[in-house]
Every structure is written in structure tokens, then in C-alpha cells.
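Student: Sequence:
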Amino acid sequence: MKVTTRNVRLRSVRCFTQWLYEHDHASHDASAKVVSAREPVELPRNVLSEAEVFALIAVPDTQTLLGYRDKTIIELLYATAIRVRELTHPDVGDIDIKAGVALIRHGKGKKDRVVPMGKRASTTVQTYLEGIHSELANDGEVALVVSYLGKRISTEAVANLVRSHGRKAKLKTKVTPHILRHACATHMMRRGAPIRHVQELLGHADIKTTQIYTRLTNQELMEAHAKFHPREQDEAL
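For the sequence shown, position 10 (counting from the first letter as 1) is numbered -3 according to the numbering used here, and the numbering increases by one without interruption.
By construction, these hints were calculated from the structure, which means they are not laboratory data.
Among the hints, erroneous ones may be present.
[Unchecked claim] The calculated DSBU-like cross-link candidates involving lysine-lysine, where the alpha carbons are at most 35 Å apart (straight line), are: (1) LYS157 to LYS106; (2) LYS157 to LYS138; (3) LYS98 to LYS85; (4) LYS195 to LYS20.
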């Protein structure tokens, strides 16, 4: 049985034992004793190029309310490398436009962290908050990103709109929020970002998880070596 399959079943057991305790069918909560196995870390596949990401960001029709919201979503996912569920958690008050940062509450491991948005994404978010959010959101809604119904957007809705814009951009890769997370990390590593900084941005507890991006750039080195090294190219030697 694969580790991932086993962990899915263990999560079900953990939820069930917790339910038993919460509904007074067990004398103590044993869910903490049900520990998942460490899953193997795999290299990201089909990483988008910088040009492909820029093309994706340009697709939404920013003359419409939902179009500008969609651009804001894509900009934030790529600029901050946050997970899709981390995009749906923040409230308007978690954004500091002046400082150019976003507070991510209850990230993986239930940890909060602050991530930089950068100038472009900050400008996009500022415009969204000043002229778009109030038009889309229901009265009293504090969620940063809202659906067409005016309430906090779901992770499924985010995934669907990202995938839809990926098709409109005619990208060969099936675009997901996680693909944009991978793209951000990979592009920053290619441009020389220290691995510790990328680890902090991604919210990885273990730097070994971040090192998959180092291996990815090493694969590019292998491909460049095969393409350009004289001993690989000159068949007469």
C-alpha cells in the first residue's frame, strides 16, 4: 500500500476517534496517537515558465468586477506562493498595503506567517480593495477574496477559475493554484533567492521539503550540459 493511501485511511481513523470523543462515545481523545507516515517528496511537474505565468495574469478581463478579482487572485498566488486554502482564509484586515505584506492565518500546521506581496501584487490588491471588493461583497463580509455570491470564496472556486484562465491562455499545462506556488518558488530559486528565504515564503517547517526546488534547477543544469557541452555535441570526437 502506498504511503499516501495509508495516510488517507489514517486521517479517516483520526477523524473518527475524535468524533467518538466529542460525542461522548469514548473516555479520551485518541486521535493524537494516530500518526501519519511521512510522505515521499516528489519533484514538481510541468512548472510554468515566467512568460507563461505573465500570459496567465494578463488573461482576466479587468474591465469587469469578477475579471479584476480573478487577476488579483492569480497575482496573489504567484507573488506569495501561498496554498489555495491560505488564499481563502485572510480577511481584508490581514492585508497591509503600505508594508506590502499579507498575514496568512492558520497555514499548514495551524501556523500564522507574514508573506511579502511585492509592488505589483500590492498595487493590484489595493485597486481591488478600493473599487472592486465593496461592489462584490455582501454587507458585513470581511473576507479578502469573495465569490460572485458576495461571500468568502471556496478553494474549489479558486481552482476552477485558475484552470479556466489557464485554458484561455492556451497553456499546455493544466494550471492549478499549486502549479503557481511551484512556479513562484522555482523562478525565485532560478534567479538566485537563498533557499532559507524561499523556505520561509512557502511556510515549510523542514528545509528538505524546499530542497526539491534545488533538485529541479539541477535538472535544468543537466539538460543544459547535454545541450551545450562540446563532448555531448560533437559526434566526431
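Student: So which hints don't hold here, by number, going up?
Tutor: Result: no hint breaks.
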